[in-house]
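Spelled out from the first residue to the last, the chains are:
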Amino acid sequence: MAANPNVIIWTEDDGQVSVCHPISTYSKSLDELAKKVVPSGKSYKIIKQSDIPTDRTFRGAWVQDGDTAKEDVSKAKTIAHTTRREKREVEFKPHDDIIAKQIPGKSASDAETARATIRTKYATMQTNINNASDIAGIKTALGG
Amino acid sequence: MSVIKLTADSGGGTVGLKAPASTTSNAAIEFKLPVADGTSGQALTTNASGQLAFSDTPIATLKAWAAFDGDGDVNATLTGGNITSLTDHGTGTYTATFDTDFSDDNYMMNGSQTTYGFLGFYDEAGIAAGSCKFATLTDGGGYNDPFRVTVGWWR
Chain A
976 MAANPNVIIW
986 TEDDGQVSVC
996 HPISTYSKSL
1006 DELAKKVVPS
1016 GKSYKIIKQS
1026 DIPTDRTFRG
1036 AWVQDGDTAK
1046 EDVSKAKTIA
1056 HTTRREKREV
1066 EFKPHDDIIA
1076 KQIPGKSASD
1086 AETARATIRT
1096 KYATMQTNIN
1106 NASDIAGIKT
1116 ALGG
Chain B
41 MSVIKLTADS
51 GGGTVGLKAP
61 ASTTSNAAIE
71 FKLPVADGTS
81 GQALTTNASG
91 QLAFSDTPIA
101 TLKAWAAFDG
111 DGDVNATLTG
121 GNITSLTDHG
131 TGTYTATFDT
141 DFSDDNYMMN
151 GSQTTYGFLG
161 FYDEAGIAAG
171 SCKFATLTDG
181 GGYNDPFRVT
191 VGWWR
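Those sequence lines, one after another, are chains A and B. The C-terminal position of the first sequence is numbered 1119 in the numbering used here, with every residue numbered one higher than the one before it. The C-terminal position of the second sequence is numbered 195 in the numbering used here, with every residue numbered one higher than the one before it.
Worth flagging that the hints you see were computed from the coordinates, not collected in a lab. Quick reminder that beta carbons are idealized off the backbone N, C-alpha and C, glycines included. Among the hints, a few may not be true.
[Stated by the list, open to error] Here are a few chain A residues that face chain B, going by a calculated C-beta distance under 7 angstroms:
id: 1; residue: Gln991
id: 2; residue: Val994
id: 3; residue: Ile998
id: 4; residue: Gln1024
[Said to hold, decoys possible] Far from chain A by the CB rule (all over 10 angstroms, computed), these chain B residues:
id: 5; residue: Gly51
id: 6; residue: Lys58
id: 7; residue: Pro60
id: 8; residue: Gln82
id: 9; residue: Ala116
id: 10; residue: Leu118
id: 11; residue: Trp194
Given the sequences, and given the hints that come with them, work out the whole structure.
The following block contains the structure:
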């Protein structure tokens, strides 16, 4: 049985957009389903599945905008900066270990030079994320 | 259509065993009864040769399940049993809504996902007779959207 082309969306108290996907065998109306799934007191919209973003990279940045759900650029930048910090930490780690543990045979000076290169790389990324004007630009800044 | 009717000891009521309208390939089916009674809660099962026996019933059975792609089109990939829908609340956070509710929220949930991580209840408030909120997480504890998620509920 084909998937239902429509979904139910509403905004949670924390600003996140919830998207309810009916299973293809569900035979009642989506208004009937909404009575069961939408939290009491929340208003909801039944919209086309095609009107929600397909890319989940910035799922936490989805906001309800009338009859669509879209990515909010400001929220996406916040998520992108978290991702940037996580990536930087991963790259810093082996050099941090050399400096902190003073591993024999490893140069702390070389490690510090490598750290400086990483710092520069991620400082540039930070600027590019801040300067991005749309979701595609943020993804590009992240290297995605 | 043949019926064996047993008359109640009093009142004149009857209990009947009725043959189906026809058997598969018009075969002559015989069921042989067990030689002794079973224990409380056991059910009659067959050995596929007509011999019936009393057997233990499962302590829990699968009452609902769902399977979907977490990293892409949930709508197109969602399949399951005894669920009306799956709500996507954000990265790695979902609610399955049951078609026929459990009698209460004392059920077991188990599932798998296709990344190095795990699947579990989202929070206590999300465990309800009519729905269950659950999360998919990485080994590090962060929410993730795995390629494939399968989850079932037993009672």
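Hint by hint, here is what the structure shows:
Annotation: Gln991 of chain A was flagged as interfacial toward chain B, and the flag holds, the nearest CB pair being 5 angstroms apart, inside 7 angstroms. With its C-beta approaching chain B no nearer than about 5 angstroms, Val994 of chain A sits inside the 7 angstroms limit, and its interface hint holds. Hint status for Ile998 of chain A: holds, given a least beta-carbon distance of 6 angstroms to chain B, under 7 angstroms. Against a cut-off of 7 angstroms between C-beta atoms, the interface hint on Gln1024 of chain A holds, since the closest Cβ of chain B lies about 5 angstroms away.
Interface exclusion of Gly51 of chain B from chain A stands, the closest Cβ pair being 43 angstroms apart, more than 10 angstroms. With a closest Cβ-Cβ approach of about 32 angstroms to chain A, Lys58 of chain B is found to remain outside the 10 angstroms limit, as its non-interface label requires. Listed as outside the interface, Pro60 of chain B is consistent with that label: its C-beta sits roughly 28 angstroms from the nearest C-beta of chain A, beyond the 10 angstroms cut-off. The Cβ of Gln82 of chain B lies farther than 10 angstroms from every Cβ of chain A, with a closest approach of about 34 angstroms, so its non-interface assignment holds.
Not every CB of chain A is more than 10 angstroms from the CB of Ala116 of chain B (nearest about 5 angstroms), against its label as outside the interface. Non-interface status of Leu118 of chain B relative to chain A is broken: a Cβ of that chain comes within 10 angstroms, the nearest being about 6 angstroms off. Every Cβ of chain A is farther than 10 angstroms from the Cβ of Trp194 of chain B; the closest lies at roughly 19 angstroms, confirming the non-interface assignment.
Checked against the numbered hints above, the structure breaks hints 9 and 10 and satisfies the rest.
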